[in-house]
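Residue numbers (our numbering), protein chains in the order written: chain H, 379 to 682; chain W, 379 to 682; chain B, 379 to 682.
The set of hints was computed from the structure by calculation and includes no laboratory data.
Worth double-checking, as some hints may not be accurate.
Since the list gives no way to pick out one identical chain from another, each pair is judged satisfied if it fits inside one copy or across any two copies.
[Stated by the list, open to error] Calculated lysine-lysine pairs in the BS3-like style (CA-CA distance at most 25 angstroms, straight line): (1) Lys402 - Lys631; (2) Lys406 - Lys682; (3) Lys682 - Lys610; (4) Lys416 - Lys682; (5) Lys543 - Lys402; (6) Lys394 - Lys623; (7) Lys402 - Lys561; (8) Lys682 - Lys394; (9) Lys610 - Lys394; (10) Lys682 - Lys543; (11) Lys543 - Lys487; (12) Lys561 - Lys621; (13) Lys416 - Lys402; (14) Lys631 - Lys406; (15) Lys561 - Lys394.
If you're wondering where the values come from, they're calculated on a predicted model, not measured in any experiment.
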Amino acid sequence: MAFTQRDIISIRDFSKSDIENILKLAEKMEPVARSQEKCNILEGKLLGNLFYEPSTRTRLSFEAAMQRLGGGVIGFAEAGVSSATKGENLNDTVRIVAEYTDALVIRHKMEGTARFVADLVDVPVINAGDGAGQHPTQTLLDLYTMKRILGNIDDLHVALVGDLKYGRTVHSLAYALAMFEVKMSFVSPEELRMPREILHDLSNSGVYVNETANIHDVLDQVDVLYVTRIQKERFPDPKEYSKIKGAYLINSKLLNGSRAIVMHPLPRVDEISHDVDDTPYGKYFEQAFYGVPVRMALLKSLIK
Amino acid sequence: MAFTQRDIISIRDFSKSDIENILKLAEKMEPVARSQEKCNILEGKLLGNLFYEPSTRTRLSFEAAMQRLGGGVIGFAEAGVSSATKGENLNDTVRIVAEYTDALVIRHKMEGTARFVADLVDVPVINAGDGAGQHPTQTLLDLYTMKRILGNIDDLHVALVGDLKYGRTVHSLAYALAMFEVKMSFVSPEELRMPREILHDLSNSGVYVNETANIHDVLDQVDVLYVTRIQKERFPDPKEYSKIKGAYLINSKLLNGSRAIVMHPLPRVDEISHDVDDTPYGKYFEQAFYGVPVRMALLKSLIK
Amino acid sequence: MAFTQRDIISIRDFSKSDIENILKLAEKMEPVARSQEKCNILEGKLLGNLFYEPSTRTRLSFEAAMQRLGGGVIGFAEAGVSSATKGENLNDTVRIVAEYTDALVIRHKMEGTARFVADLVDVPVINAGDGAGQHPTQTLLDLYTMKRILGNIDDLHVALVGDLKYGRTVHSLAYALAMFEVKMSFVSPEELRMPREILHDLSNSGVYVNETANIHDVLDQVDVLYVTRIQKERFPDPKEYSKIKGAYLINSKLLNGSRAIVMHPLPRVDEISHDVDDTPYGKYFEQAFYGVPVRMALLKSLIK
């Protein structure tokens, strides 16, 4: 695999065969991620974890991935603990930590930060989310979850549900799914429909797409309900928000009889009822786990 | 030992033989805790350290214990760095970190949190203090300290001194000591006496107990002075507090001629004078050290 | 080397041969610091990193150094996460963490803290900066950088530029350089000249020193421009500050034709223009990297 020393900035930098290779390697990593097998392939290597914004899941799953492979981690979990408080700029901090480590993971609230950083340093850089921008390792673990649980990505019918206008996760996932032989349904309130240019790109790639505001239209047809949060701040009228929130609430009663699995990038607030958590529908915690083998596969591939 | 995958929530879940087994194993761990010997028995394993309240001693001694055994640690040291700031609930955070790790340690200000978490996840959960609730690893290291320094727990006469009404540490320790052939003296101001129901339970278990407000009554008789902090907030009248604080101050003049060792769960404020620190009486730093081999013994026993 | 278990508090505790030995050992550490070679010599050992003030570079480079050698790290990155918030004093925290670890690194805003701590505990203590006091590992990495890039420290002409009155870094470096056969030029505004007593000590040690307010006086003669920040707070008049800041700004136009390398302890604000970063003059990121092998050499030497 020609991944050594590459930067992982956007899912759109990946070819279908890149993705398939990472997913295959992730599968080999699973016994190590579950600590059923030992692997010291990254012993003596160091990952720099630069989280300018807090994130439990992403930060800890990179730390878990690196340590399960025998490597170490340095870094910070929020901007306050870094020299940012002394007025040091991102540029210098990043170049310095790159001197200490074999790869960097960066999360920052500003779109474009990861690409900027990748151009500054010699070590590989992984984008762990830059504002409204990209979060490619989330997309890879989403794809891995579908493949692992449903056996294949090709031939799936995937519904993306909720805020399709502002959610970076669903944008990246839609582009990635379009590389496979899938059907996609976009389920959202009128105000939060998938942006026109993305719909246009998807239709150019020949993938089947339909849009609806009513989740019942797709419930019997889809294999995956990929749910995202609808944020209150998107609606000027609180009553309007309450009404819409109710119409997109996923609970076990709604799911009854469906064959779909329910995924969510987390954190959720209340868009999926807790009564789904321990049913065969609810796969979001398993999905969170798959972040570890996927990130192990990336770290193993990138670090020379 | 049938400890694998068990949760460690309350000292009252332990039988006397459970405790004795842990203390025996802790003794074997000591050369590793002192880095005189190497041990990689937990290589490739990960501990999730979820500290919703800060704690230097408990958090760092778990990290030391895990790393001395070759394992790794992920987690957070205060709630602010977790996704709690994004509104994610404890439930989801804990289930996700459990997906990444082989055991969880949790500290939380709310009583009952550890038991709640243990019921949610498949990995073993260790309670590192939940508010007014339990802190069982503190009790185990207290017992280990007595055994290690005085040779045995049976036949000791232990005085618990200070705030016996609100201190969770002394409640747990009293119940644990009652499994052994000990005498206990409870030394406290009238306002902070050991709760009646605990006295009742202890008397049912047949252990010798006496109560006094005057530390001089027991000073010549006891093997251990286990001191806890008397908090100013317990007294409406600052003058009353000052008077009482003075009456329970442990200093080297008071100890002169006694055979007792002085223990303290730490942090102390000023209830033990610094002139005791480097005398043969002061054992609280050694006690803190024993937290490492005791926690190593637990981690080795719990993680499969 | 007679370093085992020694404390590293001030560069002035080091003999010239101590320094030369550490620099030689650091050179052997470089392939491990670059992860070209593996080394597990500190496997099973633990470093306690006690940062009462935040610091990206120093903290992370100690963590990198320890982990590259197979060891582990525990500690805190700012005072807030420690039990300091519960009113625990430095004394107790430090003694407790010393019980868990094989060496301590401490940064604190109060001068003299590191020496105070070293007297309290049995494990070796490394001063990572105590206020206006010392920061000896910075000086060692500064010397190592000169030796590594320029081949030798003897026969160099080193200019210290900027705030020479308050900067602890330049004070320590001047004393250390005075052990070698160097020339030194002190370039600063009148208000921020090197303190008289240091000039006196240096002249007693027979080293060549000259002072100037004009950087152009030395630009053609020196091998190293060691630049430090001039802080706005030192000047009551903002206009005066702006004028002075401009006169000491290092940019690539100024450097054009010089043989000097530019060093900086970092963080910088704007005293070195970013247009120097990727020229052959700018060596401050390489200098930051050398913090790792130098600290590896110290940790290997100190930890028994």
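Evaluated hints:
1. In this assembly of identical chains, Lys402 and Lys631 lie within 25 angstroms of each other by CA distance neither inside one copy nor across copies; the values are 36 angstroms within and 52 angstroms between.
2. For the identical chains of this complex, Lys406 and Lys682 are neighbours both inside a copy (19 angstroms) and across copies (21 angstroms), given an alpha-carbon limit of 25 angstroms.
3. For the homomeric pair Lys682 and Lys610, neither the shortest alpha-carbon distance inside one copy (45 angstroms) nor that between copies (44 angstroms) is at most 25 angstroms.
4. Taking the shortest Cα distances, Lys416 and Lys682 sit within 25 angstroms of each other both inside one copy (20 angstroms) and across copies (14 angstroms).
5. For the homomeric pair Lys543 and Lys402, neither the shortest alpha-carbon distance inside one copy (31 angstroms) nor that between copies (59 angstroms) is at most 25 angstroms.
6. Taking the shortest Cα distances, Lys394 and Lys623 never come within 25 angstroms of each other, neither inside one copy (35 angstroms) nor across copies (54 angstroms).
7. Taking identical chains as interchangeable, the C-alpha atoms of Lys402 and Lys561 lie at most 25 angstroms apart only when both belong to the same chain, with a minimum of 23 angstroms there against 61 angstroms between chains.
8. Taking the closest pair of Cα atoms, Lys682 and Lys394 come within 25 angstroms of each other only inside a single copy of the chain (23 angstroms); across copies the shortest separation is 38 angstroms, beyond that limit.
9. Proximity of Lys610 to Lys394 under the C-alpha cut-off of 25 angstroms is found in neither arrangement, the shortest distances being 36 angstroms within a copy and 54 angstroms between copies.
10. Taking the closest pair of Cα atoms, Lys682 and Lys543 never come within 25 angstroms of each other, the shortest separation being 38 angstroms inside a single copy and 45 angstroms across copies.
11. Taking the shortest alpha-carbon separations for Lys543 and Lys487, only the intra-copy value of 18 angstroms comes in at or below 25 angstroms, while the best inter-copy value is 39 angstroms.
12. Taking the closest pair of Cα atoms, Lys561 and Lys621 never come within 25 angstroms of each other, the shortest separation being 28 angstroms inside a single copy and 65 angstroms across copies.
13. Taking CA atoms no more than 25 angstroms apart as the test, Lys416 paired with Lys402 passes inside one copy only; the shortest distance there is 19 angstroms, against 29 angstroms between copies.
14. Proximity of Lys631 and Lys406 under a CA criterion of 25 angstroms is satisfied in neither setting, with 37 angstroms inside one chain copy and 54 angstroms between copies.
15. In this assembly of identical chains, the alpha carbons of Lys561 and Lys394 lie at most 25 angstroms apart only when taken from the same copy (17 angstroms versus 61 angstroms across copies).
In the structure shown, a violation is registered for the earlier hints numbered 1, 3, 5, 6, 9, 10, 12 and 14, in ascending order.
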